[in-house]
Amino acid sequence: MMVNTATRGEKIFYSINNVSLVLLAFLCVYPFLHIIATSFSSTRAIVSGEVGMLPVDFNTTAYRNLIEDGQIFRAFRNTVVVTAAGVSLNMVATIMAAYPLSKQRLTGRNFYIWFVLFTMLFNGGLIPTYLVVRALGLIDSYWSVWFLGLVSTFNLFVMKTFFQGIPQSLEDSASIDGANDIVILIRIFLPLSVPVIATLVLFYAVGHWNSYMNVLIFIPSPERQTLMVVLQRMILSVQAQLMESQAGAGAEGMLELQERLAAEAIRAAAIVIATTPIMLIYPFLQKYFVKGALIGSVKG
Amino acid sequence: MSTRSGELNTVIIDGAPVLRPRKLPLKTRLYRDRYLLMLLLPVLVFYVIFRYVPMYGLVIAFKDFRLVDGILGSQWAGLTHIERMFRSEHFFRIVRNTVLLNVYQLLFQFPAPIVLAILINEMRSKTLKRGVQSLLYVPHFISWVVMGGIIITILSPSTGIVNRILTQNFGIRPIFFLADRTWWVIVFIFSGIWKSAGWGTILYLAAITNIDPQLYEAAIIDGAGKFRQIWHITLPGLSTTIGILLILNVGGFMEVNFEQIFILQNQAVMRVADVIPTFVYRAGLLGAQFSYTTAVGFFQSIVGLILIWSTNRIIKALGGSGLF
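Residue numbers (my numbering), protein chains in the order written: chain R, -2 to 297; chain D, 60 to 383.
The shape of chain R in the complex, shown without the other chains (with noise of 0.2 Å):
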């Protein structure tokens, strides 16, 4: 109906509009795109600059030479052992504490709510966090990253909310039937959430996924870091690397770019190890995920 009795001004209007959007959703993707093509193309072709949107002179070295080192697999190995006990003990908490907070009849109700909402206004910050998890004895343990991330105060809010919108009746009739909360919350709440668990699911597993700073302070050894410290690590490494060729470029200034560019591939490579999970799950979530992210933006 609008587009038929759209005057010519507004058509050019639509176009413009059309073609920039587009234009800016292709830039959005396009570094990914550039780096999985490095990634899989020839020292010669990323040297000579050919590389853009696709691999030229297609080669799997940068993979192979990372499954060589192995470094990269179990980082990886780690990351998904935090990701699913971490999303598990999540969501156990989450919905723990949401299931009575939406319940108006809960005595203190008030109280609690505000309990768990101030700590989003203040906090103790780094060091007095640190201090505890170190009393606790959980440095370079998962629990200090699992505990620390037990509930998202902001997820805790979208699951009350969601569970404040379905009815009373079903409830009471329920309760009625001799059923206590606990039962009600596993048999009648959690199977008419589905949408807003999978929703929360895939915020918490992203979020352990990629949760860079909380594996770098507590978990120093080498061999429990994730894969976001291993990246990053490998990363500042092709920098070092980078800037020693830059001053010495010297006799040996051509073996040493070589080396460097082949290090560049690599570190493209494990970018893409890194993102391909998220990657592949983000199409099957996405009809959930924006309905989460708008539940959580009404208050109550």
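Honestly, the hints are just simulated from the structure, not real lab data.
None of these values were measured; they are calculated from a predicted model.
Hints should not be assumed to be uniformly reliable.
Said to hold, decoys possible - Looking from chain R toward chain D, a few residues come up when the C-beta cut is under 8 Å (computed):
id, residue
1, Ala94
2, Thr104
3, Phe119
4, Thr126
5, Met225
6, Arg264
7, Ala265
Glycine included, each C-beta is placed from N, C-alpha and C at the ideal position.
Following the hints, complete the assembly by docking chain D onto the known chain R.
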């Protein structure tokens, strides 16, 4: 309201009798909600240990903290760390950098999703719209480590694709984007927009769908073009959402995205890129200056609390809905 077992009281509200459930004695209510409390308790313990005990740990800002003595056993130091902080030139530099980077973000990064949402809303083709949105959301799910790795790769002066395009097509000498203080700030802002603008449109797009379509129809009859419709209907329709996000933004003025800065910063740009959290990490955790950096962190938290409280007040005074 529950009306079980006929426990009703007659209460007078606004001069009229109203039936209300009688408030049960505390003990009865606690017993009735025992399962709810059992569920809630472990999570409250989590909040106490990992959120509130660290707040108590802020007292080491007023002590000479030593690891061997612990938080309780360390000697009191009064205000020496606070005094040192306010006399330190470096402290003012990191506060200035923190505030400046936030001001830049407010000016450039904050409006980006608003503009983007309005433009996306004006797309007629549903398929195209969905495709564009899917692509724009992607960076939100990518970690700063990966984003940083990509930024370093494409901006590299010797092999990066950006410098290659500049050199080959425009004859510009390679720019050291991440080692030059001005360029670094620009890269910082752009990377922030790249990562967050698409995702940020979700709230605004939802707010736009709540705008009454009749307003647009009336505007069209009055002869308003696209830009006037956007200016007089869409933007005012977004004002509540903008207001709430503005509070959150200003409230977070003393914070910066730790990972973003930490990953993009390097020795050459520390004069503009060293901010409170990165300083606390470096001097506190790596340099073991626990008490001093806790004082700095305390300052940050207090100012942050005051900021969020006062912006909320201002928004409310202006007739907005505020956060709390």
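Verification of the supplied hints:
Taking 8 Å as the C-beta contact cut-off toward chain D, the hint placing Ala94 of chain R at the interface holds, the least distance being around 4 Å. Look at Thr104 of chain R: its Cβ gets to within about 5 Å of chain D, closer than 8 Å, so that hint holds up. For the restraint placing Phe119 of chain R at the interface with chain D, the shortest Cβ-Cβ distance is roughly 5 Å, inside the 8 Å limit, so the hint holds. Checking Thr126 of chain R against chain D by beta carbon gives a least distance of about 4 Å; that is within 8 Å, so the hint holds.
Hint on Met225 of chain R holds. Least Cβ distance to chain D is approximately 4 Å, under the 8 Å limit. Because the closest C-beta pair between Arg264 of chain R and chain D is about 6 Å apart, less than 8 Å, the hint holds. Given the 8 Å rule on beta carbons, the hint for Ala265 of chain R holds: about 7 Å separates it from the nearest Cβ of chain D.
Of the numbered hints given earlier, the model fails none.
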